[in-house]
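S.K.: Letter by letter, the chains look like this.
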Amino acid sequence: MNHWIIAPVILPALLAPFIVLVMRHDLSLQRVFSTAGTAVLAAISLVLLYTAANNPPEVYYLGNWPAPFGIVLVLDRLSAMMIALTAVLALLVQLYAIGTSWDARGNHFHALFQFQLMGLCGAFLTGDAFNLFVFFEVLLIASYGLMIHGGGAKRLKAGVQYVAYNLVGSTLFLFALATIYSVTGTLNMADLAVKVAELPAGDAALLRVGAVLLLMVFAVKGALVPLQFWLPATYSFAPGPVAALFAVMTKVGAYAVIRIFTLIFPPETAATGTLFADILLPAAIVTLIVGAIGVLGATGMARLVAFAAIGSMGTLFIAVSQFTPQAITAGLYYLLHSTFATAALFLIVDLLQDRRGNDDLRIALPPTGQHGLITVLFFGGAIAMAGMPPLSGFLGKLLVMDATRGANMAIIWTAILATSLITIIGFSRAGSQVFWKAYATTTTMPKPEGKAEPLAFAVVFALLAGLVLLTVTAGPVTSWLTDTSTELFDKTAYINAVFTPVKE
Amino acid sequence: MLRKLFPHPYLTLLLVVTWMLLVNHLKLGSLVFALILGIIIPIITAPYWPDRPALRNPIAIIGYVLIVLYDIVKSNFIVAGIVLFKPSSQLQSAWVTVPLDLRSPEAITVLAGTITMTPGTLTADMSGDGRALLVHCLHAPDPEEVRDEIKTRYEARLMRIFE
Amino acid sequence: MELLVASAVGLMTACGVYLILRKRTFPVIVGLAMLSYAVNVFIFASGRLAIGLPAIITKHPEGYTDPLTQALVLTAIVISFGMTALIVMMALGAFLETGDDYIGMEEREQPAGPKEGAE
Amino acid sequence: MSLALIAALPFLGALLPGLLIRAGRNACATVTGLVTAFALLGVLLHAPAVMRGEVVTARLEWLPALGLNANFFLDGLGLLFAGLILGIGLLIILYARFYLSTKDPMGQFYTYLLLFQGAMVGIVLSDNILLLLIFWELTSLSSFLLIGFWKHLPEGRQGARMALTVTGAGGLAMIAGMLILGNIVGSYDLTVILQNKELIQGSDWYLPALVLILIGAFTKSAQFPFHFWLPHAMAAPTPVSAYLHSATMVKAGLFLMARMWPVLAGTPEWFYIVATTGLITMIMAAKIAFFKDDLKALLAFSTVSHLGLITMLLGFGTAEAATVAVFHIINHATFKAALFMSAGIVDHEAHTRDIKRLGGLRHLMPITFTIVCVAALSMAGIPPLNGFLSKEMMLEETVHTVWLGNHWVMPALATLGAMFSVAYSFRLIAHTFLGPVRTDYPSKPHDPGFGMWAAPAILAVLVVAIGVMPMTMVGDLVRTTASAVIGGEAEVYISHWHGFVPALWLSVFAVGSGFVLLGLHRPFEAMWLSTPRPEAKAIFDAILEPFAMAAQAITDRLHDGSLARYLAVATLAILAVGYYAFESGVHSSGTRTLTIIEPVAAVGWLLLIGATASLFNYHRNRLLALVLVGVIGLMVSVGFVYLSAPDLALTQISVEVATVMLLLLALNFLPKDSPVESTAGRRGRDGMIAAAAGIGIGALIYALMMRDFAFPTIADYHLANSKPGGGGTNVVNVILVDFRGYDTFGEITVLGIAGLVIFALVEGLLRGGAANDRLLAWVPDQKRAGDRHPLMLVVATRMILPIALMVGVYIFLRGHNEPGGGFIAGLVVAIATIMQYMASGFGWAAARQRIDYHALIGWGVTIAGLCGIGSWFAARPFMTSSFGYFKLPFIEKFELATAAIFDLGVFLTVVGAVMLALASISRIAIRAGETVNIEPYDIQPDEEQTEGAR
Amino acid sequence: MIPYALTFAFGCFGLSLLFNLYRIFVAPGVVDRVLALDTMVINIIALLVLYGINTHSAVYFEAGLLFAMTGFVSTVAYCKFILRGDIIE
Amino acid sequence: MEQIAEITISVLLVAAGIFGLVGSFGLIKLPDTMTRLHAPTKASTLGVGGVLLASMLYFWIMRGQLSWHEFLITMFILLTAPITANFIAKAHMHRFGDKNTMPDTGTPRDWATFEDESKEMEPVMTRVEPKPKVTASDHQF
Ligand code: NA
Ligand code: NA
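Protein chains in written order, with numbering that gives the first Met the number 0: chain X, 0 to 503; chain V, 0 to 162; chain E, 0 to 118; chain R, 0 to 949; chain H, 0 to 88; chain A, 0 to 140.
If we strip away everything but chain X, and leave its shape as in the complex, we get (with noise of 0.2 Å):
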């Protein structure tokens, strides 16, 4: 058995207690063990990225209990690519937090910032349902004490709406949980399938709803409207390095129903059929329509991005919806650029408030500090989130819109075009208010000196070429991504991975 499988979830879990016990007192020490861990996770991450590319998935049985006894953990391309992402952005956030002290604006950040690797992790890899629930609470929780680190008024309020409607959503995860495990007598995702494969009919019903309630549930993670309400005040709130992070945050929601979806209840299920398609499909768009208003109409720069993030969770649910190898490749491409690029605009709103004192899209002030920089570093993070070219957004709507050909192909296309337009017009407002009227606001021109923070820069730069290496390496991480749908549609792979017998 392969131990790597459990060190993305050991790793952070076991740092970040160490982080408490020795070095509280000692941000130095924190940020060299911290940065050193995560780079570690992600090393060990493209390890296990190259090893699921190249095996069949890879089951860890913990307590060595046989499935569907014990908890499996699955190694896959989904779960290594998810895991890797998050590995990386992490690495990134972090220096980033540190180039901008924003870990010195409070306690505990590091040890925080493990443990929510540590959920993200272990909510990618786990192959039981429970499990699943029991680490997006850790994700969760550590992403609360991330979302009000540093404190002030606005954001312990954001931060406690954040929890509530999120403790709404744990609670909603369970009554689903009990619902499925009540009907099938299991928790094992491969045994999940199998069962729900063979379900008597009389049983369809009930399994529906808590199928359905599961969607909601990581519908509230994917901020699918009409559950998104807690993104905007929240993202926007949230210190911009962990607004960065949590740019992951709302694809385990779309990982969730990525994985349970096709695993256990695909459009070929006869109790289910495609119930979820023709839910998703309509919340989607309405996503992309309410993200791309938001973007229109927002009055600040952080919620801006928060909008335009809702928005490109609408793009990824839509091609989620068609629950097809090609759509979900498409999908998964523009999860992984959605992600950088969310977090790459973040992170320049977070530089640009940092300087300008706030990001009020009303108020004209002078340019600041690094101005240009920072301008330029906007406009092609809203060229990468507004899906223009030549940036990896545009080939992902692309690949969304040529997988979505058939049956609801215009008004698909409609919504994505035109919220598309949408966006750019809120963007190029928001831009040219913010960083072009700042210069009829004065006849001086920003002082070079200010706040350096090369590192932040950096970081932000190191995301933007994400973006560009994502684009210019479409081909082959396309290539890739379909190997790793394919897989994602051949579940008797999985099941038979999950089902052989613990070697001794």
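Careful, some of the hints might be misleading.
Stated by the list, open to error - Derived DSS-like pairs (lysine-lysine); straight-line CA-CA distance at most 30 Å:
no.: 1; chain 1: X; residue 1: 436; chain 2: R; residue 2: 102
no.: 2; chain 1: V; residue 1: 26; chain 2: E; residue 2: 58
no.: 3; chain 1: V; residue 1: 85; chain 2: A; residue 2: 28
no.: 4; chain 1: R; residue 1: 291; chain 2: R; residue 2: 355
no.: 5; chain 1: R; residue 1: 291; chain 2: X; residue 2: 436
Rather than coming from a laboratory, the hints here were simulated on the basis of the structure.
We have chain X already, so just place chains V, E, R, H and A with the ligands on it with the hints.
M.R.: Same frame as chain X, but now just chains V, E, R, H and A with the ligands:
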């Protein structure tokens, strides 16, 4: 040294007994374990119990306990009678001040507890200097009598045990 | 018995939902606690009801209730405890920072008139 | 040079000017020019082959999954446009070097310019329509930067946004159109698409694709009704206007129509849409140009007009017309670029572009005058200049065109357009340069240096040269290009004299009436000014501003920060989908019989229901609400006991107490009541939502309980293997620490994190700021009794605490086999400790025993984790347990299990987390002015009264 | 004989609980409700023990012990809140 | 023997039931909070105590297994009941009590519950005033 090891020897004894009652069997292993816990736990909690109360006459406790048990049973019957059969209008409840001669906090606590457990009386409060108890009587046509009984029947005995 | 459990779960859910729709942090937190009670019983009951059959292995069992749902409830209880503790403190923090305990961010609806205030 | 490299060169080169600006403006301009020249050279090297009729290609796989590849090809059409873009680009770079002032960031300018140039080159070289789309949108983006170059000018910013909005929107429509086109053909490669005329024109999707693609082309080429953005883009520096709006961006639309001509043209749909649009645009824009006083606006509308002309020609769908279109593209590029640059010179020198403030410049700026004269006369269609040639050919084509069965509409209206064209061209010359020299120019104008007039001069020379000897100059080019456009062999014959054909008469008429029109400018202008007419910006704003306002209103209304509404919506949505899922599925009714209800159970139920109902009723009294929560928690625990779940009962009751404690601690600072704030209607609505949720959940659990499901549960395995495999008889505990120990690991991590977050939160609150100030000024809001630490409790606690700790140990140890375990034990110990705190105060207790709660949490999680890792050393997966039975001398057999170590981790974390939370809240209280006692109890009966204060 | 006595005792304590519930519904103030809750805990412990006799099972006594402990602590906490506001000052 | 045990157990159960019921009945019958406080703290203790005793006897004599847990519970309740009563009484006095209707303490000091904040500041209790601005590192728990 011994004081450090056994800050409250009676407590150690109590804990050993409690553990044996908890595990519900009398085996050597359990007793050894009970002793270990009986020593460790008082050491842990010793900071919260800085002084060791004087117990002048531990044997007298048994007699006191028996009297109180008898009184508890008796009080229950009396209270039950009052609750069931006495109309509220005829109820003569009263507040009584019981001046204290006891000075040990432990002793006062035992007295106050005893009052609460016994016939129709209840310790409601203490004076700010700890020299008097405020007792509420459910039905006491003669409050003086209640106070005297408390002083003679319980406080006097406790004086003998603690001081 | 099933009817009793189902109705109790339903009522606790309803009470929880009603309270989380209030405007102050405190009732919302109480509502969340109620919801967590409700869901705990829900999970537990989803493993079916059994009287006098705890899942403690004995030599001559008459049968056992489903231990797994119980384990799930235990996990859920612990997690919701941690969450509740956190949100309580956050609500307190928000109150101390802002001076009010509205859970809404901007929402400042006028208090209801005297007629409606009489509940 | 590979086509891919040519397309990439401007992008790669775009970095250089930004970097080299520190080396000076000349270096900056030189390197920009070199990059462009190099790319132009690359194109020209291919020219001979292309002129021979070959097609140069370069293919690069990019995104095969989508059919998006970096495929380039160069044919006649591409060659013409690439030549125009790079050639005129070179001139613009030269011109801009002298035009831009020292205050303008020139490096930025050239960077943007190169980006734009690259995008344009990319469009004309693309052999893949998706790739073309990418470059297409890139032109929108880079032109946005160029138009908004003068960021301090509001017109610049607005013009840039308007251009981006309109052309961006068109681009998006075109994306849809192109995808449909690719969908029809099955390939996104242009060369493939261009060979499938029948397939495309026979498809049901032809019209949608056509319309969508044309929207893209029309917006870019500023065709009616999308023409309005172009004049506003004139806020850009003149080099930008000259480049974008004469030679390049606006011609991208024309390029696209020409490019797709072989497969889209020739149908009635194409004819009526394209030709009509072109015609209307031509006339309307020419008319507007005639009345514009701003030189650049005049030129802008004249550009729109000429683009309409070309569009119309392409719309005719005949090879001849297409050939004329190609020829006019060349001609227009030459004279219009020259005119724009000249206008820039005038602006630069006279500091105004207002025709009304100019006049008489002929004497002051003879060189500029000459250039303008040549170019404008060409624009007016005066022989022998090149504009004359193509205009007459155009008129000739209109004569042969039937529009809705009507023979004269086309030529008549085209002549009308030509008339206006003559009029504004002459006006440009006459009102700017002729007449007397004025004394009131904002700045005294004179001809600029050679650097500035060189570029337009070169173009003027070209205008004359092409006009005089068209076949020699551009004959081959037009043929090659036209062949590429029509996808066959084009015949080119350009001549000044065709005999007395109708076109000649029309042309003569146009020139004559144009003269007359100019003479009547003043009365017409008065009429024009008095006629109300839509102002483009006003309309655009009138559309966009309300839209933006509405977006803001919707967003703010939707996300107004009201959690209550968010949650109401969420609840309703969840209920709706849940109901839908159930209703649309098959449900067989229950198979199980009801368990009997014992009277005691009924009483318990009544209590639970009663307490819950009371909570509904009394929730505003917060303390009372907590008491009721206590009752409900108690009853739930009792229910668990009754229903065979002792572990749950123990956990539930201890968690409930700990929760209530925390809530009480927080309530000390919070308001003690929740005022009535919702209207009765809203409360009713909330009640309905709550009732629906309650009924839904209740019905769901009832249905679940009443049905036997097909599969046995995995719990059977747990029951069977708990003792043999896990070494414990309490199956619930064995599941927790063994079968699903990993869950528990996650769960204690949650608790530990909660503790850390609470600590960090309080630390932040107390660091300063509003919360800290509020605490320092804190006044308790309720009357406080004396006797903080009642003696009786303190004394009793001295006994209860040790016993409770012992009970904790007991519950911990027996957990594996009987109800209990690390979590409950942790809570018992925590509650016992809270009791101590209640007795003598937290501060007092903490001062006597310093416990590092962080360390408890840290060690707890670490121990649990290390316990799991330990199994690696036995070559087993994480958290594999082992257990054994041991016997020591004199002591009975006992069991040791690694699960107990794990449980210890759980225990420590629980204690640590609860204590850290209490410690944090107590710090808040101390900041609020609370004091720490030095004695365990307030009342000191053993103290001599005379002693008094200590 | 014992079963009848048990049933009687069940009845008494069940009825007691209903009285407690009444006091929780109808009370002049929160103090009475705390008292009712405290009494309820006592009655429930009694019921638990009766239940143990009824099912011949000793598994539920820990629950009784813990109910007694938590009941005490929470009653003190409620009262301490009324008295002082801060329960662990 | 068994017969006697059965009778004893049954009597204990019945008595316990009656006392328990009386305790809770008193809770609704008695006229004010202070008198109501008497009923449960006394009657209930005997009620629950009787049940516990019966249970011990039952398991010991009828099932042959002596369980001391009941004894522990009884002890615990007896230990805590007075404290509970004391606290409820104090809470009631604080909320609804009238200082003037209470009997005199007979000592210089008032009843502890009524000693308000200002009195608390008097010499009996020495209070450690916190430093006005506590820095974060002072309170690392
Ligand atoms: Na294990
Ligand atoms: Na109690």
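S.K.: Evaluate each hint against the coordinates.
M.R.: For each hint, the structure was consulted:
| no. | hint | verdict |
| --- | --- | --- |
| 1 | X:436 to R:102 | 17 Å, holds |
| 2 | V:26 to E:58 | 23 Å, holds |
| 3 | V:85 to A:28 | 10 Å, holds |
| 4 | R:291 to R:355 | 10 Å, holds |
| 5 | R:291 to X:436 | 28 Å, holds |
Violation of the numbered hints given earlier is absent; every hint is satisfied by the structure.
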